[in-house]
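Note that the protein sequences, when read in sequence, are chains F and B. Note that the first sequence covers residues 1 to 595 in full-length UniProt numbering. Note that the second sequence covers residues 1 to 595 in full-length UniProt numbering.
It is worth saying that the hints were derived from the structure and are not from the lab. Keep in mind that a hint or two might mislead.
As the list makes no split between identical chains, a pair holds if one copy fits it or if it spans any two.
Claimed, not checked - Calculated cross-link-like contacts (lysine to aspartate or glutamate; reagent style EDC-like; alpha-carbon spacing at most 16 Å):
#1 K308 x E482
#2 K226 x E204
#3 K226 x D206
#4 K308 x D425
#5 K49 x E498
#6 K49 x D147
#7 K325 x E222
#8 K49 x E33
#9 K308 x D422
#10 K325 x E256
#11 K325 x D302
Number of protein chains: 2
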Amino acid sequence: MSTLRTLVHDEATAALPRLTPAEAAVVRRELAELAAGESGGGLFEQLRKLAAAVPERLYDDSARVLLRMHEIAGSGNLQSNLSSLSTVRACFDLGLVGGDTPPAELVVGRGHIAPAFYAEHYVRGAFPFAPLTTLHRGGLTGVVHRDLGFGNTMRYSLGVGVHQAVGLAWELRRRGDGRKVVCLAGDGELQEGAAFEALRFAHEADLDNLVLVVDANGKGIEPLAKPVSRDYLAAYLGQVVETDGTDDNAVRDSLEGLLAAPGRAALVCRTLKGAHSFRPPSASGAPGRPSFSQTTGPLLADRLRRTKRQAAVFTADMAARFGFKDHLPYVNTGLAETLSVGLTLSLPDPTLKVVATDGMYYMDSLSMLTEATTGARNLLVLAGKSYGQWGGAHNAVNLLGGLLNTRVYEPVTAAEFQACLDRLDREPGTAHVVSAVDARFEPPGTDCSDDLDGAVWVTPPAPGRSGTAVVTFGYAGVLVAEANADLGVPHLHCAALEPELPAETVRLLAGVERLLTVEYNGVQGGFGERLRARHLLDAEVHGVRGDILTCAHAQQLRRHGMAPDQLRALLGASAPSFAEGAAKGEEVRGAAASA
Amino acid sequence: MSTLRTLVHDEATAALPRLTPAEAAVVRRELAELAAGESGGGLFEQLRKLAAAVPERLYDDSARVLLRMHEIAGSGNLQSNLSSLSTVRACFDLGLVGGDTPPAELVVGRGHIAPAFYAEHYVRGAFPFAPLTTLHRGGLTGVVHRDLGFGNTMRYSLGVGVHQAVGLAWELRRRGDGRKVVCLAGDGELQEGAAFEALRFAHEADLDNLVLVVDANGKGIEPLAKPVSRDYLAAYLGQVVETDGTDDNAVRDSLEGLLAAPGRAALVCRTLKGAHSFRPPSASGAPGRPSFSQTTGPLLADRLRRTKRQAAVFTADMAARFGFKDHLPYVNTGLAETLSVGLTLSLPDPTLKVVATDGMYYMDSLSMLTEATTGARNLLVLAGKSYGQWGGAHNAVNLLGGLLNTRVYEPVTAAEFQACLDRLDREPGTAHVVSAVDARFEPPGTDCSDDLDGAVWVTPPAPGRSGTAVVTFGYAGVLVAEANADLGVPHLHCAALEPELPAETVRLLAGVERLLTVEYNGVQGGFGERLRARHLLDAEVHGVRGDILTCAHAQQLRRHGMAPDQLRALLGASAPSFAEGAAKGEEVRGAAASA
Numbered sequence: 001m002s003t004l005r006t007l008v009h010d011e012a013t014a015a016l017p018r019l020t021p022a023e024a025a026v027v028r029r030e031l032a033e034l035a036a037g038e039s040g041g042g043l044f045e046q047l048r049k050l051a052a053a054v055p056e057r058l059y060d061d062s063a064r065v066l067l068r069m070h071e072i073a074g075s076g077n078l079q080s081n082l083s084s085l086s087t088v089r090a091c092f093d094l095g096l097v098g099g100d101t102p103p104a105e106l107v108v109g110r111g112h113i114a115p116a117f118y119a120e121h122y123v124r125g126a127f128p129f130a131p132l133t134t135l136h137r138g139g140l141t142g143v144v145h146r147d148l149g150f151g152n153t154m155r156y157s158l159g160v161g162v163h164q165a166v167g168l169a170w171e172l173r174r175r176g177d178g179r180k181v182v183c184l185a186g187d188g189e190l191q192e193g194a195a196f197e198a199l200r201f202a203h204e205a206d207l208d209n210l211v212l213v214v215d216a217n218g219k220g221i222e223p224l225a226k227p228v229s230r231d232y233l234a235a236y237l238g239q240v241v242e243t244d245g246t247d248d249n250a251v252r253d254s255l256e257g258l259l260a261a262p263g264r265a266a267l268v269c270r271t272l273k274g275a276h277s278f279r280p281p282s283a284s285g286a287p288g289r290p291s292f293s294q295t296t297g298p299l300l301a302d303r304l305r306r307t308k309r310q311a312a313v314f315t316a317d318m319a320a321r322f323g324f325k326d327h328l329p330y331v332n333t334g335l336a337e338t339l340s341v342g343l344t345l346s347l348p349d350p351t352l353k354v355v356a357t358d359g360m361y362y363m364d365s366l367s368m369l370t371e372a373t374t375g376a377r378n379l380l381v382l383a384g385k386s387y388g389q390w391g392g393a394h395n396a397v398n399l400l401g402g403l404l405n406t407r408v409y410e411p412v413t414a415a416e417f418q419a420c421l422d423r424l425d426r427e428p429g430t431a432h433v434v435s436a437v438d439a440r441f442e443p444p445g446t447d448c449s450d451d452l453d454g455a456v457w458v459t460p461p462a463p464g465r466s467g468t469a470v471v472t473f474g475y476a477g478v479l480v481a482e483a484n485a486d487l488g489v490p491h492l493h494c495a496a497l498e499p500e501l502p503a504e505t506v507r508l509l510a511g512v513e514r515l516l517t518v519e520y521n522g523v524q525g526g527f528g529e530r531l532r533a534r535h536l537l538d539a540e541v542h543g544v545r546g547d548i549l550t551c552a553h554a555q556q557l558r559r560h561g562m563a564p565d566q567l568r569a570l571l572g573a574s575a576p577s578f579a580e581g582a583a584k585g586e587e588v589r590g591a592a593a594s595a
Numbered sequence: 001m002s003t004l005r006t007l008v009h010d011e012a013t014a015a016l017p018r019l020t021p022a023e024a025a026v027v028r029r030e031l032a033e034l035a036a037g038e039s040g041g042g043l044f045e046q047l048r049k050l051a052a053a054v055p056e057r058l059y060d061d062s063a064r065v066l067l068r069m070h071e072i073a074g075s076g077n078l079q080s081n082l083s084s085l086s087t088v089r090a091c092f093d094l095g096l097v098g099g100d101t102p103p104a105e106l107v108v109g110r111g112h113i114a115p116a117f118y119a120e121h122y123v124r125g126a127f128p129f130a131p132l133t134t135l136h137r138g139g140l141t142g143v144v145h146r147d148l149g150f151g152n153t154m155r156y157s158l159g160v161g162v163h164q165a166v167g168l169a170w171e172l173r174r175r176g177d178g179r180k181v182v183c184l185a186g187d188g189e190l191q192e193g194a195a196f197e198a199l200r201f202a203h204e205a206d207l208d209n210l211v212l213v214v215d216a217n218g219k220g221i222e223p224l225a226k227p228v229s230r231d232y233l234a235a236y237l238g239q240v241v242e243t244d245g246t247d248d249n250a251v252r253d254s255l256e257g258l259l260a261a262p263g264r265a266a267l268v269c270r271t272l273k274g275a276h277s278f279r280p281p282s283a284s285g286a287p288g289r290p291s292f293s294q295t296t297g298p299l300l301a302d303r304l305r306r307t308k309r310q311a312a313v314f315t316a317d318m319a320a321r322f323g324f325k326d327h328l329p330y331v332n333t334g335l336a337e338t339l340s341v342g343l344t345l346s347l348p349d350p351t352l353k354v355v356a357t358d359g360m361y362y363m364d365s366l367s368m369l370t371e372a373t374t375g376a377r378n379l380l381v382l383a384g385k386s387y388g389q390w391g392g393a394h395n396a397v398n399l400l401g402g403l404l405n406t407r408v409y410e411p412v413t414a415a416e417f418q419a420c421l422d423r424l425d426r427e428p429g430t431a432h433v434v435s436a437v438d439a440r441f442e443p444p445g446t447d448c449s450d451d452l453d454g455a456v457w458v459t460p461p462a463p464g465r466s467g468t469a470v471v472t473f474g475y476a477g478v479l480v481a482e483a484n485a486d487l488g489v490p491h492l493h494c495a496a497l498e499p500e501l502p503a504e505t506v507r508l509l510a511g512v513e514r515l516l517t518v519e520y521n522g523v524q525g526g527f528g529e530r531l532r533a534r535h536l537l538d539a540e541v542h543g544v545r546g547d548i549l550t551c552a553h554a555q556q557l558r559r560h561g562m563a564p565d566q567l568r569a570l571l572g573a574s575a576p577s578f579a580e581g582a583a584k585g586e587e588v589r590g591a592a593a594s595a
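Required output: the full structure, derived from the provided sequences and hints.
Given below as structure tokens:
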């Protein structure tokens, strides 16, 4: 099967009910074409071939295509894509996209505007429609990737594109290649220190082959405090040209001019951007249950009101993830995680210092965090944990747990979250890292709030039986409890990454035939391995082993073996009565239902 | 015993032979005074009292005092202290130091110029002489600390001072305190993205109470590529005033003016700086053995010459640590670790990408490193490892080992280092992190170069005996081999943080009465815990557990139980014939020598 068919077949088929009749008809034709032929070449080449084989275009305006892609996906960053669309068109018009010898190299630093390129490829006849229906659902990625016609691939960091562009400019000069590098950046990512380091280097190394195109929409996730400083850009890039970033011709002409002129430059495109995250119209009426991380802001606000505690809350543009807005005063540092930590260092000891952002982004601030964990008292790190479309790394929590003077928890109930704050009050010299899961779930009936560092039996062991037992960390406990609902495997839940288990519990766990640990978290140095290392328990460690993908939560669960049927199979694998069916989760479920 | 006496007695006594007769006489009087009285109050208060009790001054020029401190210490950053001396004097003259209600708050961002303050305190009668003789030797720290009269404490990061100052300015405004914050920064640290984030925030949050004083000596460790950009400073700080930073009066008057004027400002002090690290004159004639990390540059250069390999070498001002100079072309990114990683992202796959800096500093780039370890091929991370005066963190290697697609090694011979590079050639998709120890030692006769992922017996087990055995990681193997020279404890050496041990070796280790692992490395998530987790070996894990101190290598070894006599005691603890003496290393050594 061709790479393209593997990538899109299942998801495009699943999307059919969400398509218009005309779209569905085209997708069916494309899928049929894919099934018929064995297409060679790379993914990008296969896309071109399929588009040539089914040339009919449903839309001729890429803005319209973008809207449809997001409606079909049900999530994404539509407004961000729209704000850069004129720039994307300019890149196509100037031959910077997809050709073998472009007149300049293009680095897309605004990594999540990949869909704008897909949409433009579509209307220009180079992409088929079917892949567009798989965006964010395991098919096309929302961030740029070399396999999809981009010159660069991005996985994690914001700000990485500026580094890629400056590194490439350096390399081109070293090779004697006289072409320039065009870097598309957002005004939000330019707030990051990483981007500064790259621009300063371009100046200090006299790289005269860099054109930084800034989508100045005045917004990260929230509005920027001030517009990107033109004086700052001029200090390092020399020329700064401004243009109307919503006018295709103006952007193209300005960029063309800067490519032809000598030297470094910045092109500031004034644009507009609506809400950061796309929400389908149907979802806007009746808001569903908030994610667990979104409940932490209101919980924190309520606690501060009750205790009249002095607090300072810093976040690198992530207030929405924690439900801070309208609940809690906070300081948005912009996209600058290191700063959100650094601002805590000089505050009075008794002040509760909250730094809130994605667990992943902290990975560029671990040195500053170490400074804070050793120097600041009453430090609460709210580490949003998402394996969704953007952010999250399977090992982030473990790395945070590797810092000096920290304790890491992953609460899954309001009471557990409060217990984390109680514990910080009792032990203000230890930084408390709270992994706040970006997932929506029914809070479990049992939790560790009475014994945060200990463990609680969700399903207690039956006397005399010693088959399989499972120990879980944080959110995995919710997933396992669901999978285990009618299996009855003894299940011990922990909120602490490194729990303090009573000796009798350890003896019990050491005595079972098969011990499992489950964590929705990186295996290496994580919960299960810590239990093995500490207590020499011979546990099978189930957790995240591979790299994360840029796909939505539900797909991530399956990819990492955390979907309910997969967990059922895992738990049931050694239970004699389920032994055979356990290899296939569905059969186990069927057997249980008929029993 | 008073805090002050505990801090200085032993080291000041040890320093006596290095002092002039006049200095020694004063130190003896001060020590006698310390022994006589039970001084209360904090450390800074005790210093003042002792200075008042022994008021005689040996010197009246703080530059001369600084020179003597560094001659006595034998190491340090004399030139850096001298380049800021006029600024330090200005801070004293304007009442910013040591008082209870200073007219402005002082944050010393150039953390390692603490000695300039000690020297100035001394000539102004507030510090005794004895503590000055303990600099970098376990007494006075080279970096600023609240206990020593500073408003801020720094432990790790460069650039952290700017964060502390901006955070404090934010807090003062929030409190309605109208005073300003003066931040002393170096032009080198302003190269860091972290400093940019803080200055940008000061602008965006309209903090009008910050005066950034820049020691513009044009040098980090190496000369800066270009002077700090005044345009950049002006973009975020508004006013930029320049002055002759070597003229006490000029600096004082300028700073006084900016404190009185409204608004944010930068004061750029043009200064001069000699060599970054102080070397005593006696050491300059006959250079000793280079540290292991300093040998890696020449080894790498030789290899590249032999293989005619295309390479790109980036370092954040750390070329000297690796002996790159005069051996290897490299790009100095300035003090910008994230950039040194980011520049590798766009290079061609076959290019060998070397990023070289301190293992600690990488902790602010782990997200960018993850981008590189997943996206770049042929990536070699040279992570300098020092527990000396500056840099190094006990957990840095473990955190690097927690990244995706990495293997971590700590070679201690040239052959092991080459084996790391051979391994990278064979497996270019895995980033190879090489912990390069900043220590001078005789290379051991046995190494893992034939089996880098395995282990080698330095002292093989004798048939039939199964008392104690010890397994070591990297540099700890050198230390243990020395301690074990005549103890004969079976000693297995590994160069890999996570070795792949043959089943028979694991069985053997599982069978001994007492199994020890030793690593000069953080215990948590480190070598020993990984062996426990992986093979369920019941090993006593000996390694670094506490925070590192800002003192020289030899003191660090003892602090972490890695000095030869300490390791002898550890190894001998269970050997029956040494059982009693083992509690005190010295006695064991005596017993062995007389046997």
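Against the structure, the hints:
no.: 1; hint: K308 x E482; result: neither (39 Å within a copy, 59 Å between copies)
no.: 2; hint: K226 x E204; result: between (26 Å within a copy, 6 Å between copies)
no.: 3; hint: K226 x D206; result: between (29 Å within a copy, 10 Å between copies)
no.: 4; hint: K308 x D425; result: within (14 Å within a copy, 60 Å between copies)
no.: 5; hint: K49 x E498; result: neither (53 Å within a copy, 47 Å between copies)
no.: 6; hint: K49 x D147; result: within (15 Å within a copy, 71 Å between copies)
no.: 7; hint: K325 x E222; result: within (11 Å within a copy, 46 Å between copies)
no.: 8; hint: K49 x E33; result: within (10 Å within a copy, 90 Å between copies)
no.: 9; hint: K308 x D422; result: within (15 Å within a copy, 61 Å between copies)
no.: 10; hint: K325 x E256; result: neither (42 Å within a copy, 42 Å between copies)
no.: 11; hint: K325 x D302; result: within (13 Å within a copy, 58 Å between copies)
Hint compliance for this structure: hints 1, 5, 10 are not met, and every other hint is.
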